[in-house]
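All chains should be modelled from the sequences, with the hints used to inform the complete structure.
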Amino acid sequence: MLDLDLFLNYQDSIIKGILMTLRMSAGGIAGAMVLGLLLFILSRAGGFWTALLYRGYVTLFRGTPLLVQLFVVFYGGPHIGLEWSAERVGLVGLALYGAAYFAEIFRSGFEAVPKGQIESARDLGLSRSQIFRVVLWPQIMARSLAPMVGQSVILVKESSVLSIITVAELTNVAMTIANQTYSMMEPYLVLALVYWAIAISIARLGAVFESRLTHYQAG
Amino acid sequence: MSHSHAIELNQVHKYYGEHHVLRGIDLNVEPGEVVSIIGGSGSGKSTLLRCINFLEEYSSGEILVKGQVIGYGSKPAGESYRLPEKVIRESLRDVCMVFQQFNLWPHMTVIDNVASPLRLVKGVSRPLAREKAMGQLERVGMAHKADAYPGQLSGGQQQRVAIARALTMEPSIMLFDEPTSALDPELVGEVLGVIRDLAQAGMTMVIVTHEMGFAARVSDRVVFLAEGLIEEQGAPEQLFQAPKSLRLQQFLASWNERQSGSSLPAGIAVAQEVEA
Amino acid sequence: MFDFTAVVPYLPQLFRGLLSTIGVSFSSIALGLVLGWLICLGRVRSGFWISKICAVYVSFFRGTPLLVQLILVFYALPSVGISFPPVVAAVVALTLNTSAFQAEILRAGFRMLPEGQSEAARDLGMSPLQILLFIQIPQVLRSMLPALTNETLDIIKNSALVSAVAVHELMRTAQTLASTTYRPLEFFVVAGLLYLLVTLLTARAGRWLESRMRMV
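Chains as they are written, first to last, in the numbering used here: chain L, 30 to 248; chain V, 958 to 1233; chain P, 79 to 294.
Any given hint could turn out to be false.
Here are the computed lysine to any residue pairs in the SDA-like style, where the Cα-Cα straight-line distance is at most 25 angstroms [claimed, not checked]:
(1) P:K130 with L:V223
(2) P:K130 with L:A226
(3) V:K1102 with P:P192
(4) V:K1043 with P:E197
(5) V:K1043 with P:Q214
(6) V:K1089 with P:A108
(7) P:K130 with L:I183
(8) P:K130 with L:L155
(9) L:K144 with L:L66
(10) L:K45 with L:V219
(11) V:K1043 with V:Y1029
(12) V:K1043 with P:I209
(13) V:K1043 with P:S196
(14) P:K130 with P:M190
(15) P:K130 with L:K45
(16) V:K1023 with V:G1080
(17) L:K45 with P:A242
(18) V:K1043 with P:A242
(19) V:K1043 with P:G120
(20) P:K130 with L:A236
(21) P:K130 with L:I231
(22) V:K1043 with P:D81
(23) P:K130 with P:F179
(24) V:K1043 with V:E1019
Derived by calculation from the structure, the hints in this document are not laboratory data.
In C-alpha cells:
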C-alpha cells in the first residue's frame, strides 16, 4: 500500500516546494510574456538587423534544450563573472526560453489579421500606434490566448527542470524526500498528481478567459 | 420466376431524431430505366438516394435492390436487425454513387483514385486494375489527366473522374446525388454529357438534380418529391408541361423565374428547353 | 577567456553522445507514433470506457512534466518490480510522453477529414479497415506533418532530460566532460550547438517531406 504518512513529516518542505514552483512558473511566464512582446515589436520594427536578431533569438532558444540553456548560465556563468543564484538563473532562464515561444505566438496572431483592416484604418486616418492599440492588439490577443495558455502550461512543467540546477522547487523536494525515506513510489506519484492538477487548472482558467475574449468571433 | 425490379422501395420512412424526413416512399425503378428525382431543398431527395445505398439507415419500410433487401435481415420471429457492414456492401456491389462534392481522394492520382477500389474490393491485380481504369477514364474523356492529382483538376473534370471511378466497379445501377450542383455553370455541360451517354448505353440510373432541362431530356420518368413524399411522377413531358399538383406548379414556376428572370407559365419555359 | 580548442579532443565523445541522443529520440518518436495511433483510435472509434481511459492517458502525459515521468519510470517503477536497463527506460518514458502528444495531433487530423471521402470509399465497397488504412491514415499523416515535425523537435530537445537519470547521451557526456575539464561554458555551448544542428536539420527534413507530399 502507499504510505502517505511520510508527507506529514515533510509538510513544511513540501509547501515551500510548491510555493517555489509557483513562484518560478509565475515569474517565468510573466517575464516570458513581456520579453516575448518586446521581441514581437522588435520583429515588426522593420530593418534587416532587427529581423536577423529576432530570427536568431527565436532559432537559438527554440532549437536548444532548456536544460542546456540553464547549464550554460549556471555552470558557465561563474567563469565569465556571472555568479547568480540558482533561483535567479532559473527565473531568467525560463523567461528567456519562454519569450521565444510567446513572440512567435504573437507574430502568428498578428499575421492572421486580414491586411485589409490595417489599410482601411490607415485610410480613415488612424496613426500607426492607434492602429496597433485599437485595431490589431485586441485581435492578436484574442487569437493568441489559447496558444498562450498552452505555452504557460508548458512553462509550469518545464520549471521542474530547475530541480536539476538545485532550485528547491517541487520536483527537487520530491527527490530529496525519496532519497531520505527510500520510498520511491509515493513522493513521485504525488508529485505527478500536483503538476497534473496545476496544468488542468490553468487550462480551465484559460478556457474561461478565452470565451470572454473571443465572443465577437463567429464560430 | 418472379419479375424483380432494379430498385424497389416499399413504405420507406426516415427520421433524424424528431425530424421526419421521408414519410413513406413507394418507388420502383426498372432495369435500364432512368429516373430523375426533383424537389425543393429539404424535400428529402438526397436522403432518399443515400438510403438506397445505405449511407443512411432508413427507419422503417423496405428497400430492395434486384429483389434483395438492403441493410436489414429478419429473424425467424419477425423482428429485423442490421446486417454486418460486410454483407451490406456485398449486396450493394451493383450500385455505385456519384456525389455532389465528387469526393475524390486528394492524396491519390487520378488513376489511383479509379484503380485502387478495384484492387482493394475485388482483388484485381494492379496492371489489370490500371488497364480497366484507363478504359473508363477514356470513356469520360479524362485519360490525359491520369497522373494528375484531383486538386489540379477543375470541378467538372473531377466529377468525370468520380464517374469513371464508379463505372470501374462495373455497377448495373448508378445513383447521382446532384452531380452538377457544385460546378461553375460553364462546367455543367461536360458532366451532363457523360451522364447522357450512360443513359443511352442502357445504365439504370437514379438522378437527383436541379437541372430541369436535363432531367426532361434524359429521363424516362421524373419523380417530384415534397416534404418526404412523392407528390407526383410521370413521363417528363407530362410532368413538366401539365403538372397536376399545385406544389409542382409552384416549384416549376419559381424554378423558371430563377432561370430566366421572367415568370413565364411553367409548362412553356420547360417545353422550350426540352426542344432545345 | 573562452577556449573552444579545449573541446576539440573530446569531439568524438560528444558525437557518440549525439548519436545516442538521436537514437533515443527517433526510436521514441517512431514507437510513439504507433502507440499514438492506437490511443487516437481508442478515443475516436471505441466505446465509452476505452475512449475515457485514452482521454485520461492523454491528459496525464500532457499535463505532467517529462522529467517527472522519467523519474517515475526510472525510480518508482523498479520499486514495484518493473525495471529496465537505462536506455530502454529512457525510450519507454519518452515514448509514453510523445504518444500522448501525437495522439492529440492525429485526432485533430481526423477531425479535419471531409466525411464524403470515406462515404465514397464505403459506397465503392471498401471495408472499414481499408478505408482507415488507404484513405484516412495517409491524409491525416500528410496534413499533420508540420505538427508531427514540431513534436519530433520537442522530443529531441526534451531527451536532454534523460541525462538526469543516467543515460550517456549528449547532455550527460557534456556534463561529465565539463566537470572533468573545468570548462562548463565551452562544453555546454558546444552541446547546445549540436542540439541546434540536429533540430534545424530535422525541421529542414520535415519541410522537405511536406513539400514532397503536397497534394496540389
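Hints, one by one, checked against the model:
Pair hint P:K130 plus L:V223 holds up; C-alpha atoms about 21 angstroms apart against a cutoff of 25 angstroms. Taken as a hint, the P:K130 and L:A226 pair is honoured in the structure, with Cα atoms around 18 angstroms apart against an allowance of 25 angstroms. Annotation: proposed proximity of V:K1102 to P:P192 holds, straight-line Cα distance about 24 angstroms (limit 25 angstroms). About 15 angstroms separates the Cα atoms of V:K1043 and P:E197, which keeps this hinted pair within 25 angstroms; it holds.
The suggested pairing of V:K1043 with P:Q214 holds, with an alpha-carbon distance near 19 angstroms, which does not exceed 25 angstroms. Between V:K1089 and P:A108 the alpha-carbon distance is near 38 angstroms, which puts this suggested pair outside the 25 angstroms criterion. Straight-line distance between C-alpha atoms of P:K130 and L:I183 comes to about 23 angstroms, which keeps the hinted pair within the 25 angstroms bound. Proximity of P:K130 to L:L155 is assessed by CA-CA distance (about 52 angstroms); at most 25 angstroms being required, the pair is judged violated.
Our distance criterion of 25 angstroms between C-alpha atoms is met by L:K144 and L:L66, whose separation comes to about 20 angstroms. For the hint pairing L:K45 with L:V219, the CA-to-CA distance comes to about 15 angstroms; that is within 25 angstroms, so the pair holds. At roughly 12 angstroms between alpha-carbon atoms, V:K1043 and V:Y1029 fall within 25 angstroms of each other, so this suggested pair holds. At roughly 13 angstroms between alpha-carbon atoms, V:K1043 and P:I209 fall within 25 angstroms of each other, so this suggested pair holds.
Proposed proximity of V:K1043 and P:S196 is supported: the alpha carbons are some 15 angstroms apart, at most 25 angstroms. Of the pairs offered as hints, the one joining P:K130 and P:M190 holds, with about 22 angstroms between alpha carbons and a cut-off of 25 angstroms not exceeded. A C-alpha spacing of about 35 angstroms is found between P:K130 and L:K45, which places the hinted pair above 25 angstroms, so the restraint is violated. Note on V:K1023 and V:G1080: the hinted pairing holds, with a Cα-Cα distance of about 24 angstroms set against a maximum of 25 angstroms.
This hinted pair checks out: L:K45 and P:A242 have alpha carbons roughly 23 angstroms apart, not beyond 25 angstroms. Between V:K1043 and P:A242, the direct Cα distance comes to roughly 53 angstroms. Violation of the 25 angstroms bound is thereby established for this hinted pair. For the hint pairing V:K1043 with P:G120, the CA-to-CA distance comes to about 22 angstroms; that is within 25 angstroms, so the pair holds. For the given pair, P:K130 sits about 21 angstroms from L:A236 by alpha-carbon distance, which is consistent with the 25 angstroms threshold.
With a C-alpha separation of about 21 angstroms, the suggested pair P:K130 and L:I231 falls inside the 25 angstroms cut-off, and the hint holds. At most 25 angstroms may separate the alpha-carbon atoms for a hinted pair to count; V:K1043 and P:D81 exceed this at roughly 71 angstroms. Under the criterion of a C-alpha separation no larger than 25 angstroms, the hint pairing P:K130 with P:F179 is consistent with the structure, at around 16 angstroms. With a C-alpha separation of about 19 angstroms, the suggested pairing of V:K1043 with V:E1019 holds against the 25 angstroms cut-off.
Of the numbered hints given earlier, the model fails hints 6, 8, 15, 18, 22; all others are met.
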